[in-house]
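Combine the two chains into a complex, taking the hints into account.
Protein chains in written order, with this note's numbering: chain A, 6 to 373; chain B, 140 to 458.
One should not assume that every hint holds.
Listed next, the in silico DSBU-like pairs over lysine-lysine satisfying Cα-Cα at most 30 Å (straight line) [unchecked claim]:
| hint | chain 1 | residue 1 | chain 2 | residue 2 |
| --- | --- | --- | --- | --- |
| 1 | B | 408 | B | 198 |
| 2 | A | 195 | A | 175 |
| 3 | A | 239 | B | 418 |
| 4 | A | 368 | B | 403 |
| 5 | B | 175 | B | 190 |
| 6 | A | 273 | A | 148 |
| 7 | A | 368 | A | 170 |
| 8 | B | 452 | A | 365 |
| 9 | A | 103 | A | 7 |
| 10 | B | 404 | A | 365 |
| 11 | A | 365 | B | 403 |
| 12 | A | 331 | A | 170 |
| 13 | A | 369 | A | 239 |
| 14 | A | 239 | B | 404 |
| 15 | A | 369 | B | 238 |
| 16 | A | 239 | B | 452 |
| 17 | A | 265 | A | 21 |
| 18 | B | 452 | A | 162 |
| 19 | A | 370 | A | 302 |
| 20 | B | 163 | A | 369 |
| 21 | A | 217 | B | 403 |
| 22 | A | 239 | B | 406 |
| 23 | A | 368 | B | 190 |
| 24 | A | 40 | B | 452 |
| 25 | B | 347 | B | 198 |
| 26 | A | 217 | B | 452 |
| 27 | A | 162 | A | 265 |
| 28 | B | 418 | A | 170 |
| 29 | A | 148 | A | 194 |
| 30 | A | 103 | A | 239 |
| 31 | A | 170 | B | 404 |
| 32 | B | 345 | A | 369 |
| 33 | B | 163 | B | 198 |
| 34 | B | 347 | A | 331 |
| 35 | A | 283 | B | 347 |
Calculated directly from the structure, the hints in this document are not laboratory data.
Keep in mind that this is a model prediction, so the values were computed, not measured.
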Amino acid sequence: MKITFPHMGRMDIFIKGMVKALGMETVIPPTNSKKALDLGVKYAPEFVCLPFKLMLGNLIEAFEKGADTVIMVSDKGPCRLGLYGLPMQIILKNLGYKTNWLILDTPHALYGLFQLGIEKDVVKYRDKLTFVDGLLAFHFGWKKMLAIEEIERLSLKIRPYEINKGDTTKGLYQGMEAIESADNLYDLKKAKDAVIKDLRSIPQDRNRRPLKIAIAGEIFVVLDSFANLDIEKKLGELGCEVDRTIWFSTHILHHVGLDKFMRRSKRKAVRAARPYLKYPVGAECNATVGYAILYAKEGYDGFIHLMPFTCMPEFVASGILTRVSKDYDIPIFTVELEEHSSQTHLMTRLEAFVDLLHRKRAKKKVNS
Amino acid sequence: MDTYLGIDVGSISTNLAVINEERKVLVWEYLLTGGKPIEAVQKGLKEIENKLPSGTEIKGVSSTGSARHLTGILVGADTVKSEIIAHAVAASHLIPEVKTIFEIGGQDSKIIIVRDGVVVDFAMNTICAAGTGSFLDHQAQRLGVPIEEFGDLALQAKAPTRIAGRCTVFAESDMIHKQQTGHVTENIVAGLCQALVRNYLNNVGKGKEILPPTVFQGGVAANKGMKTAFEEELGYEVIVPEYYHVMGAIGAAMLAQETIVETKKTKFKGFEVSEVDYKTRSFECTGCPNLCEVIEVLMNGEVISRWGDRCGKWEVLEK
Chain A
6 MKITFPHMGR MDIFIKGMVK ALGMETVIPP TNSKKALDLG VKYAPEFVCL
56 PFKLMLGNLI EAFEKGADTV IMVSDKGPCR LGLYGLPMQI ILKNLGYKTN
106 WLILDTPHAL YGLFQLGIEK DVVKYRDKLT FVDGLLAFHF GWKKMLAIEE
156 IERLSLKIRP YEINKGDTTK GLYQGMEAIE SADNLYDLKK AKDAVIKDLR
206 SIPQDRNRRP LKIAIAGEIF VVLDSFANLD IEKKLGELGC EVDRTIWFST
256 HILHHVGLDK FMRRSKRKAV RAARPYLKYP VGAECNATVG YAILYAKEGY
306 DGFIHLMPFT CMPEFVASGI LTRVSKDYDI PIFTVELEEH SSQTHLMTRL
356 EAFVDLLHRK RAKKKVNS
Chain B
140 MDTYLGIDVG SISTNLAVIN EERKVLVWEY LLTGGKPIEA VQKGLKEIEN
190 KLPSGTEIKG VSSTGSARHL TGILVGADTV KSEIIAHAVA ASHLIPEVKT
240 IFEIGGQDSK IIIVRDGVVV DFAMNTICAA GTGSFLDHQA QRLGVPIEEF
290 GDLALQAKAP TRIAGRCTVF AESDMIHKQQ TGHVTENIVA GLCQALVRNY
340 LNNVGKGKEI LPPTVFQGGV AANKGMKTAF EEELGYEVIV PEYYHVMGAI
390 GAAMLAQETI VETKKTKFKG FEVSEVDYKT RSFECTGCPN LCEVIEVLMN
440 GEVISRWGDR CGKWEVLEK
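Okay, chain B solo, but in the shape it has when bound (with noise of 0.2 Å):
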């Protein structure tokens, strides 16, 4: 059976998924990045190895997320893309007629808005960190909610409390102050939803059109009192897909499939990297007063490739 190999390294959590030449998932992983984005593709290409059926063949990879220049290094991706793209195309196969796709991840937001299967206009979260999932874990960590249960006990909320939601570090005093003026947990934590979702909608979804179908991906999509406040705003139902925390992954495994049609042989290094020894490492250059940060990528001991100078003295390896 022909599979093809989607990895998406975020800042969070590193996602991998494998589909068929029909672009159905057959496997999927989700784990923690935790800060080692190597040790992540290793872990998740071992597992994902031993998930797939024997005598499944990998035609193609790609890479995506904040990672996905050092990870196509390190498997032999054909192809290395952005996650905006990715996300874009895994929700257009999943629901072809999206117009709207919201996706909130650990440390960044995005819009897409996609018209006729093709994504016309985007926007990130550039300034602040309001309106991300990290946002709503630390609040629930001061609460005391574990993250699992916030959707379901937001839904439960009665008359959700009004809380200020333009910063992330006001939001936490306004919800100090309402929690002492007695407000009950469920009803602030479904505020934090709504505040979470005004702050979107005006930060990062400022001056696009938003029309239905609309599609929720990414990690905060699991939650339900977000989806629900999401809906209270807009005004229509809005559509979580159902593998919605690793919609990067299932994108990028769409975009090697169509690399693979013009390219055909894949660079893909195999299984094998995941036994293999790499290890960055970083050094300030002192050729000109930028002090760039040049990172170098070693496998067993030798350098395979730099990266972060401006001048590109250091990107090209002496062969």
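Next comes chain A alone, as it looks inside the complex (with noise of 0.2 Å):
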């Protein structure tokens, strides 16, 4: 048996360090591309959305080198990426794909990974897989998804203040890359301390003054920085310091209850929004709204919205933001994503948006 899944943002990482962990044999797709969309776009329905073609896309590329069991993260509720699997299945099926299915859309599916391991009988090294093994599996995967969070945190950060452009980019990639290959938890600490102490030491002009912005939206394309255009990335050299509202790990602990006493939670970000949304909307949408809340009142300069085209959820906080953007006097910026999407078309919007920004900023300093 090989599992294989599709991307989202950098949650390989999670499930590598997991499986490898585990000793089960995966085989990655190769990183969201111009290929898994091609391919996505070629078998999927045509309206619908963005994710759901480059997740299609990544499972074929996957079938194709060998795979035979999916795991997909999944989730329960209005959004219809929750019930993308079983669409997923049949499409692949018709394709002459031979398919084994694990859907985790509950924390304790996790169980049925483990269970699966041992009813296959994929488990190489060790004769019996015991509970202990399954949680410092986990605990593993988990240290390197947070170690890959941490040093995305701190590559949003330097960015704007860099001198030469690019050099923050070529620093993360190479640090993901070292923080991949990490086999046990003494070389992931070892190799986590150099790419950050490699990013620190990039040359910065900490005299400017960057906007700040917030970006938030559907999961999928928050994450995932090719369905996102390299949003992060273009407003980071535009001189903004970007702050994601969604992590592979905020998402988890949301789902398992652990956020409470996060300071920027979900939790607080859809209390935040109930004078406009008493209900839950579904997926991300009412904390969407809450989210533009709380950064305006932190006083973040400007609020970027990510949505698939066609995303029920979000189309509905789009409207909503229109709102929040008037009361809480901060410039919101939708994005609709899709595979015709335009670089090009995108960096025109932003290059206004981020000049809308600072016309703003100066004529508050000028008022005050």
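And the structure:
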């Protein structure tokens, strides 16, 4: 049995770390690319969202490489992505691939993963897979994930200050590779510390006063830099300090109810959105609206809302955000992403948005 | 005399404008891009050089429009800004109290909301081209009406035909249907203008607070039928400025002036660039499955700039 999974941001780091520690065999689909997208677009229904198309493309590429079992992180609720497992199974079956599926829509579905490992007799290195093995594997994958997120966060803070354009991105990519190749907790820590040191030593101009922009919206397009056309890098290089509201770790922590004491938790965002939205719309809709309010209150200069074209919950959010923008005096820019989205078109609008924020800030300064 | 040059290279037209210190337009040039931005810019520069009175010095230059980065490298622009800001700057200088700007060009249309001289919101057409100059151009051809006479013909309409304008393709079939059932051309032409205005206000202008004074600019503003259709829909007069078709270039020139106040010295390479041999070429990078299309700009056979790669591997030139 060879396990595979569709990409979502750097979730591959977590699953890879975990199955590596369990001794299972995995086939990692090539990272999201034009090829994956083309495959997805070819076989997916046209009006389905961008995440579905990319995921389908990933799976086809993985099956071509010999995978036969799919693990898919999913959700419950009105977001269509939560229900995507089934249509994907049908499409892949019609294409002639033989597939096993494990859909992780609740935390205890993880138990199924271990069950599957035992039943299918895939555990090669050990005679018996114990509960402790499972925990240790989970812990290692989780730590790896956190390390990646930590350097990503750091890169967002450093990029607007970098003197030579591109330094941070280069350092980040190299750092991700170093962390990916770590085999145990000791190596991981060593790799992480080295990357952080490297990133900090990038030549910077600390006299700059970068604009502060928060990014929120549908989870897949927020997490995946291919899907969002590298919006974080683009904004950083335009001189903006970006804060991303959703991370893989915060998403998981929210689902198991452990984000109670976190500063900018989804829980708090959903609560902040109450004056506008009393009922849960589903997926990230309520949180998107709430985050706009929270960040406006923190004094952020702007807010960027990412959504896949035809995404229902985020479409609802985009409507409400026009009101929030007025009420809290924060410019909000909604980006709809699909396979036809063009880099240049996005760049034009981002440049204009950043200019708008600069002029707004300059005017505020004059008035005060 | 000290002057500033703005260059706006769009999909359909390439516009250049030169302003003086008082922001008065001295000369301007409007030519078709024809899919060859480099040649259009070089030709435009030559024309401008010929038109400028002797003794004028270009103190700053700025580029805008969809080919702004390429143009910026060609001429040595002091600042490269998106056309949204350029249009807003020009409009709010000419009509200081402006609150809404409609800009309809060949391939795209935008709405810009301005309050107290500062852009507070904007939108561009993202999905569909129904609502741009190309749409009108295409339908005019189909009706056999020269695009220059389109506006005047629309004004003669007694009872504009109602045409479904949500989608370019459906609008066309609806228009043909109306033609077949005997509607006269001027009514159809006026109906098309109304359909485009409705489409624009519903899509590009969706959720935006549209207040007077409203400025209407871009190539389509030449069409009197469009101006009238906007006025009927909004219920107040819409202003079409004198240089409606080169507002982007004028705005860019003003942005160049603003930049020079800070940087003092221009990076302008001079009008000689119109003689230099510039070329672009592209290749597909096979370093990863992204297969990025990397564009290279060559000056006299030497690579001076690259872009198009996601990872930044090619962007930085080895010196």
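Hints, one by one, checked against the model:
Restraint check: the Cα-Cα separation between residue 408 (chain B) and residue 198 (chain B) comes to about 11 Å, which is no more than 30 Å; the hinted pair holds. For the suggested pair residue 195 (chain A) and residue 175 (chain A), the alpha carbons sit about 19 Å apart, so the restraint of at most 30 Å is met. A threshold of 30 Å between alpha carbons decides the hint, and for residue 239 (chain A) with residue 418 (chain B) the separation of about 26 Å falls inside it, so the pair holds. Restraint check for residue 368 (chain A) and residue 403 (chain B): the C-alpha separation of about 23 Å stays at or below 30 Å, so the hint holds.
For the proposed pair residue 175 (chain B) and residue 190 (chain B), the alpha carbon gap of about 23 Å is at most 30 Å, so the pair holds. As the CA atoms of residue 273 (chain A) and residue 148 (chain A) are separated by approximately 25 Å, the hinted pair is consistent with the 30 Å bound. Between the alpha carbons of residue 368 (chain A) and residue 170 (chain A) the distance comes to roughly 28 Å, so the proposed pair stays at or under 30 Å and holds. In summary, the hint linking residue 452 (chain B) to residue 365 (chain A) is not supported, as the alpha carbons are separated by about 34 Å, beyond the 30 Å threshold.
Our distance criterion of 30 Å between C-alpha atoms is met by residue 103 (chain A) and residue 7 (chain A), whose separation comes to about 12 Å. About 26 Å separates the Cα atoms of residue 404 (chain B) and residue 365 (chain A), which keeps this hinted pair within 30 Å; it holds. Between residue 365 (chain A) and residue 403 (chain B) the alpha-carbon distance is near 24 Å, which keeps this suggested pair within the 30 Å criterion. For the given pair, residue 331 (chain A) sits about 34 Å from residue 170 (chain A) by alpha-carbon distance, which is inconsistent with the 30 Å threshold.
Simply put, residue 369 (chain A) and residue 239 (chain A) have alpha-carbon atoms about 25 Å apart, close enough for the 30 Å limit, and the pair holds. Proximity of residue 239 (chain A) to residue 404 (chain B) is assessed by CA-CA distance (about 28 Å); at most 30 Å being required, the pair is judged to hold. Annotation: proposed proximity of residue 369 (chain A) to residue 238 (chain B) holds, straight-line Cα distance about 19 Å (limit 30 Å). At most 30 Å may separate the alpha-carbon atoms for a hinted pair to count; residue 239 (chain A) and residue 452 (chain B) meet this at roughly 15 Å.
Restraint check: the Cα-Cα separation between residue 265 (chain A) and residue 21 (chain A) comes to about 28 Å, which is no more than 30 Å; the hinted pair holds. Between the alpha carbons of residue 452 (chain B) and residue 162 (chain A) the distance comes to roughly 22 Å, so the proposed pair stays at or under 30 Å and holds. Taken as a hint, the residue 370 (chain A) and residue 302 (chain A) pair is honoured in the structure, with Cα atoms around 18 Å apart against an allowance of 30 Å. Annotation: proposed proximity of residue 163 (chain B) to residue 369 (chain A) holds, straight-line Cα distance about 29 Å (limit 30 Å).
With a C-alpha separation of about 29 Å, the suggested pairing of residue 217 (chain A) with residue 403 (chain B) holds against the 30 Å cut-off. Between residue 239 (chain A) and residue 406 (chain B) the CA atoms are separated by roughly 24 Å; this keeps the pair inside 30 Å, and the hint holds. Distance restraint check for residue 368 (chain A) and residue 190 (chain B): the Cα-Cα separation of roughly 38 Å exceeds the 30 Å cut-off, and the hinted pair is therefore not satisfied. Restraint check: the Cα-Cα separation between residue 40 (chain A) and residue 452 (chain B) comes to about 20 Å, which is no more than 30 Å; the hinted pair holds.
Taking the CA atoms of residue 347 (chain B) and residue 198 (chain B), the gap is about 38 Å. The hint is violated against a cut of 30 Å. Distance restraint check for residue 217 (chain A) and residue 452 (chain B): the Cα-Cα separation of roughly 27 Å lies within the 30 Å cut-off, and the hinted pair is therefore satisfied. Of the pairs offered as hints, the one joining residue 162 (chain A) and residue 265 (chain A) holds, with about 25 Å between alpha carbons and a cut-off of 30 Å not exceeded. Only pairs whose Cα atoms come within 30 Å are accepted, and residue 418 (chain B) paired with residue 170 (chain A) is accepted, the gap being roughly 25 Å.
As the CA atoms of residue 148 (chain A) and residue 194 (chain A) are separated by approximately 9 Å, the hinted pair is consistent with the 30 Å bound. Distance check on the hinted pair: residue 103 (chain A) and residue 239 (chain A) sit about 40 Å apart at the alpha-carbon level, beyond 30 Å; violated. Restraint check: the Cα-Cα separation between residue 170 (chain A) and residue 404 (chain B) comes to about 23 Å, which is no more than 30 Å; the hinted pair holds. A distance of roughly 27 Å separates the Cα atoms of residue 345 (chain B) and residue 369 (chain A); the hinted pair therefore holds under the 30 Å criterion.
For the given pair, residue 163 (chain B) sits about 15 Å from residue 198 (chain B) by alpha-carbon distance, which is consistent with the 30 Å threshold. Using a Cα cut-off of 30 Å, the hinted pair residue 347 (chain B) and residue 331 (chain A) holds, with the two alpha carbons roughly 11 Å apart. Pair hint residue 283 (chain A) plus residue 347 (chain B) holds up; C-alpha atoms about 25 Å apart against a cutoff of 30 Å.
Hints 8, 12, 23, 25 and 30 from the list above are not met by this structure, while the remaining hints are.
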